[in-house]
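Enquirer: Sequence:
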Amino acid sequence: MKSDIIIIGGGASGLMAAYAAAKTLVDADNGASVTVFERMPRPARKVMITGKGRCNFTNLKDWNEFSAHIQSKANFLKPSFYNLPSSSVVDFFEEYGMRTVIERGDRAFPASYHASDVVDTLINACSRYGVKIMTECSVTAVRKRADGNFDIDLADGSSSRCKKVIIATGGLSYPTTGSTGDGYGWAEAAGHTIRQCFPSLTALVPRGYKVDEVISSEGKWHIDRSTPLSETGRSLCGIQLKNVGVTLLVEGSEAGSEFGDIDFTDGGIEGPVGFQLSRKAVKSMINGSKVSLVIDMKSGVSLTELTERVKSLWSEVDKDPRSRNLREKEKCRILLGKLMPWDLIPAFTVYNPEIMTLERRSRNETKVWVNLISIAKALKSWKFDIIGYVGYERAVVTAGGVNTDEILPKTMESRVNGGMYFCGEVMDIDSDTGGYNLQTAFCTGFLAGQSAASSLNGAE
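Offset between the sequence shown (1-based) and our numbering: plus 269.
I should point out that these hints are in silico values taken from the structure, not numbers from a laboratory. Note that the structure is predicted; figures quoted are calculated from it, not measured. A few of these clues could be false.
In silico DSS-like links for lysine-lysine, alpha-carbon gap of 25 Å or less [unchecked claim]: (1) 342 - 588; (2) 552 - 489; (3) 598 - 580; (4) 567 - 580; (5) 559 - 588; (6) 511 - 580.
Here are the in silico distance ranges between beta carbons for each label pair [to be verified]: (7) 521 - 311: 42 to 52 Å; (8) 636 - 512: 18 to 28 Å; (9) 512 - 626: 25 to 35 Å; (10) 476 - 364: 48 to 58 Å; (11) 476 - 594: 32 to 42 Å; (12) 556 - 638: 34 to 44 Å; (13) 684 - 331: 41 to 51 Å; (14) 526 - 636: 49 to 59 Å; (15) 393 - 607: 51 to 61 Å; (16) 588 - 334: 50 to 60 Å; (17) 381 - 512: 28 to 38 Å; (18) 525 - 458: 28 to 38 Å; (19) 525 - 381: 13 to 23 Å; (20) 556 - 331: 43 to 53 Å.
For each residue, glycine too, the CB sits at the ideal point set by N, CA and C.
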């Protein structure tokens, strides 16, 4: 089989690359062909699960604000972003029939909140311009010929030839969607270097959260999400904390801080703030550093103000006639119920045992003391020692990948192997949660497809 342009990978960046390539060729009245090879039965499986199926497909912040959310070399993305800014991505989907809505934080969603609408729109746009999408088609090798063309070997033993190839295979995250890191090997064989890959936007696992904190074969710190929760983990799982401050400590020193919401899940600590801090936390653990998260549940008040508040509440509880026959431990629980969700109290007391002291006065007599100052301190700095993270099986994105220094930012073409282009997560570029990663996939894919097609038009 022959095709002038072959895109390997039918995800977000691959489909957008195919659309841009085909449209560029049609607009130039060039009859060259565009083909997508996708190993899964249906394209864009990972897009289907984005945002729990709601699919926050871009973010409408301007470049200055957008670039602050890119965790790698932001300047590399600048040309492709300006070539297809977020507003143009929204216009693209609207043009092809998908209504959109904009939510808090400039996040764009399909109006239906169904990720399948994003996928269907991409496929329909490709079909309109004659793109051939071949599913259940696994590539095993990419080889450059002496004449400058490429041979693409397939798992069924066949081979395809093309003039331009676009690697859009994604990273290693969610391998069940087809992302298995094959693109790294082909890039390396073509002369590229691969920056260290690791899971990003993933759950961080606190000490004592899982029953059997066994390190998996994936890496020293990887704890599989399926590892059962401990009793403490079960008591936390499902709780969301809103408007809290979270500080990341690496070897005891502050390495980052965020304000917002966190979720305790079957994986560990997630949610917007947990995800934002996970990249640096995971990288630090991989490099052998000790990592902790410190949660400030009352970030709006100082420790002094909170201490006075705790003392005042304790006085109310202690003087309440209903407390007359209650033990100190029971009164402490009532106090904590005035300061946090009731479901959070069991885990809070386990992680902060210093809030109560047991004094043995004699062989038969003990006294429980409620340490009000310790309660205030724990509310302001509830510390979780992080002993691992959920790996690629449920990480949102892969950090690391093909070195962007070896890719031309204005075309997405390889600097070391002409005619080969890259786009999306296979490259060493990743961002925060909030629509930034899909915008990166779309704009780099669009530029790669457009550039590959334009080079054919120039050759003609």
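Enquirer: Could you tell me whether the CB distance from residue 512 to residue 626 stays inside 25 to 35 Å?
Expert: holds, 31 Å
Enquirer: A range of 49 to 59 Å was offered for this pair. Does it hold for the Cβ distance of residue 526 and residue 636?
Expert: violated, 39 Å
Enquirer: For the hint 48 to 58 Å, verify it against the beta carbon of residue 476 and that of residue 364.
Expert: holds, 51 Å
Enquirer: So if I understand the rule, the pair passes when the alpha-carbon distance is 25 Å or less; does residue 598 with residue 580 pass?
Expert: Measuring from Cα to Cα gives roughly 16 Å; hence the hint holds.
Enquirer: Has the hinted range 32 to 42 Å been met by the Cβ atoms of residue 476 and residue 594?
Expert: This hint holds: roughly 37 Å between Cβ atoms.
Enquirer: Lying within 51 to 61 Å: is that true of the beta-carbon distance residue 393 to residue 607?
Expert: holds, 55 Å
Enquirer: Keeping to a limit of 25 Å between CA atoms, is the pair of residue 567 and residue 580 held or broken?
Expert: holds, 15 Å
Enquirer: Hint check: residue 552 vs residue 489, CA-CA at most 25 Å. Holds or violated?
Expert: Answer holds: residue 552 to residue 489 is near 12 Å, not above 25 Å.
Enquirer: The hint says 41 to 51 Å between residue 684 and residue 331; measuring C-beta to C-beta, is that right?
Expert: violated, 29 Å
Enquirer: Within 18 to 28 Å or not, the Cβ separation of residue 636 and residue 512?
Expert: Violated: the Cβ-Cβ distance is about 37 Å, outside 18 to 28 Å.
Enquirer: I want to verify a distance hint. Is the separation of the beta carbons of residue 525 and residue 381 within 13 to 23 Å?
Expert: Violated, since residue 525 and residue 381 (Cβ atoms, about 36 Å apart) do not stay within the stated range.
Enquirer: Hinted pair, alpha-carbon criterion (25 Å max): residue 559, residue 588. Please report holds or violated.
Expert: violated, 44 Å
In summary, the structure is inconsistent with hints 1, 5, 8, 13, 14, 19 and 20 from the numbered list given earlier, while agreeing with the others.
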